[in-house]
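Starting from the given sequences, assemble the full structure and let the hints guide the process.
The chain contents come next:
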Amino acid sequence: MKTPIRLVSLLAAAFVAVTASGGHAVAQDIKIGTVLSATGPASFLGSPEEKTLRLYVDKINAAGGVLGKKIALVVYDDGADPTKARTFATRLIEVDKVTAMVGGTTTGTSLAMAPIFEDAHIPFISLAGAVEIIEPVRKYVFKTPQTDRMACEKIFGDLKARKLTKIGMISGTDAFGKSMHDQCLKIAGKYGISILADESYGAQDSDMTPQLTNIKNKPGIQAVVNPGFGQGPAIVTRNYRQLGITVPLYESHGVASKSYIKLAGPAAEGVRLPADALLVAEQLPKNDPQRAVDVAYKQTYEKATGEPVSTFGGHAYDGLFILVNAMKRARSTDPAKVRDEIEKTKHFIGTDGIFNMSPTDHLGLNLAAFRMLEIRNGDWKLLQAAR
Amino acid sequence: MRALLSSRWTTLGLLCLVIAALPLVFPSGYYYRVAALVWISAIAAVGLNIFMGYAGQVSLGHAGFFGIGAYAVAIGPARFGLNSWLCIFLGVFLSAALAWLVGRPILRLRGHYLAIATLGLGFLIALVLANEARWTGGPDGTAVPRLTIAGARLMEPVTWYWISGGLLTLGTALALNLENSAVGRALRALHDSEIAAALAGIDVARHKLRAFVIAAVYASLAGSALALFDGFITPDAAGFLRSIELVAMVVVGGIGSTAGSIVGAGLLVTLPQILAVFVEYEQIALGLIIMVVMIFLRRGIVPSARRLIVRRAP
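As given, the protein sequences belong to chains H and L, one line each in that order.
Residue 187 in the working numbering sits at position 187 of the first sequence; the count goes up by one each step and never skips.
Residue 1032 in the working numbering sits at position 32 of the second sequence; the count goes up by one each step and never skips.
These are calculated hints, taken from the structure and not from any lab test.
Model, not experiment: these values are computed from the prediction.
A hint or two may mislead.
[To be verified] Computed beta-carbon distance windows for the label pairs:
1) GLN299/H x PHE1240/L: 51 to 61 Å
2) ARG1153/L x PRO359/H: 23 to 33 Å
3) ARG1104/L x GLU135/H: 22 to 32 Å
4) PHE1080/L x LYS303/H: 37 to 47 Å
5) GLY378/H x ALA1285/L: 56 to 66 Å
6) LYS258/H x PHE1080/L: 44 to 54 Å
7) LEU1127/L x LYS218/H: 25 to 35 Å
8) PHE1240/L x PRO219/H: 39 to 49 Å
9) PRO136/H x ASN1177/L: 19 to 29 Å
10) ILE1295/L x GLN204/H: 26 to 36 Å
11) LYS97/H x ILE1295/L: 34 to 44 Å
12) ILE1295/L x PRO308/H: 37 to 47 Å
[Unchecked claim] With a cut-off of at most 20 Å between alpha-carbon atoms, the simulated SDA-like pairs for lysine to any residue come out as follows:
13) LYS97/H x GLY1029/L
14) LYS186/H x GLU1132/L
15) LYS97/H x ALA1143/L
16) LYS31/H x PHE1278/L
17) LYS31/H x GLY1231/L
18) LYS97/H x LEU1275/L
19) LYS139/H x GLY1231/L
20) LYS163/H x LEU185/H
21) LYS51/H x ARG1134/L
22) LYS190/H x THR165/H
23) LYS186/H x PRO1027/L
24) LYS139/H x ALA1143/L
25) LYS51/H x PRO1027/L
26) LYS381/H x THR360/H
27) LYS97/H x PHE1026/L
28) LYS51/H x GLY1029/L
29) LYS31/H x VAL1277/L
30) LYS186/H x ALA1133/L
31) LYS97/H x VAL1277/L
32) LYS97/H x PHE1278/L
33) LYS286/H x LYS190/H
34) LYS298/H x ILE60/H
35) LYS186/H x VAL1277/L
36) LYS97/H x ALA1133/L
37) LYS51/H x VAL1277/L
Quick reminder that beta carbons are idealized off the backbone N, C-alpha and C, glycines included.
As structure tokens, then:
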């Protein structure tokens, strides 16, 4: 019985020793923390975020740092587990004593961490989608990605411009699909859209023909909207064409990656979706203010990592620079002063859009941040803003 | 020496000592938080060990009961205005009732079939929690109202360190007591051979069911504790990975040993924190350590260590 107690004490000692040393940062460095889901089910989101943060922190440091100091990035991987995320958030605040945090890959982990940063008065810029993170407004919590409500608004706006008002919905039951579905239902009335059919499917389902048949058989449907994520929407798209449904199909920003086009194949032709300008960086008109930022980020990221750019990494880019700019304006790394300056972010051109934050809006993006794309010849095509 | 090592008082005494002594070396709330998470996981692991270690059965869906306990304290107060304390017991009651209902048919199965049935049960609970968004908040999770005592909200890691530590001590005492009771002996008998146990007059089905229900109660309590401690819960708490993690705690620590379950929980909760400094290699190191433990300490950490000491002792 002696060995286990020795083991426990050894473990405890190692634990205290390793955590107390808090990485290799020098005392004068500005510590920025990040808790990301770099492994686990959300790694396809967390991994580009981590690469982006590391890449740009190195770049900033090589160019002389911020306020004459270097940035030390403290990275923890929560594996998309909210309990772990909370533990790491506590660690960032109490052990690493960070100035601010840019991270929180999923809505679940972000919502789990938000109260901790709020209590500790440390700014937290989340990289997750759902509107609940910033509504109601928490003083110290911000976020960079467009919300799923904005995606619905963008889609409904486009529908209205095409005079299509009776739609069917088929939504994934995963976190993303569910959240966006609920937001769409909430705002449909505002756009004069009536939802005649409301179907759903599981994230792992491999055939959505029954649900789509229900939609097809409902008379009067003029378009179909599919909030979803991962492989589900690709199967919906294939089944949609197999059933010979001819009304327009709208996907969400959740499929804004080349793998969707690959999975859905020719069936994806003509599908419309709201997405980041980043996806069509090179197609943006010369006078578009976002063009320079998007093209630069895309080229830098693709050159450094050898991977195609994703919008998720773009969220991290925006979060990091909103924070860095706020520190520069505050001429301080005091968390409270930095927070005040983050809230005053005006006309910051990021990959997600142009940010104008305020005490009541801790996101600061408007609908212009989403572009309406159509898939043509197996590639994204930027549609002219429908007005 | 041998007597001292196998005495249940030794395990219990050491546990109390560790719980009482750790705060002496803790510099901040973060350490209390990690330790509290260890105690909470250990409660579930000690319970699972009664089913796996004493009775020799397999449950791959045990996090389901953990999830029921967690969501009982989330849904009850927020949607029905029930008292959080009452909801803890409601969760325990629900878990026990479900374990009893489902356990009656599925505990007739053996080996792989039982493992698959429990696996299915776990998946079903996690699915319900993720899909019934009206009640559970869906896959993004839901906030859990804090527990209050005499108007004070319990949310500090230090408070939860003592609450969960106390719960674990109580749970351990009961588990050790059970091990040395008639029921414990009956469970071990059916662990060795169900046929022999039946021939000796032991009601095999009833004892298996009893162990399953007890294990479900432990998991439910641990789930409620985690939800109230974190103030936020997602369906991952009931997920397959969490079930496997619980089984791993029992197996790595030493199946059949209550002290082992606690050590296993300690190892699996603290290792990711210790290894977090080496972000890129964390997963590799974690896997390697668990592999090495399973290869060189095949009976699990605590039983292997105990054997080593007994062999060396004069």
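Of all the hints numbered above, which does this structure not satisfy? Sort the numbers upward. 1, 3, 4, 5, 9, 15, 17, 21, 23, 25, 26, 28, 33, 35 and 36
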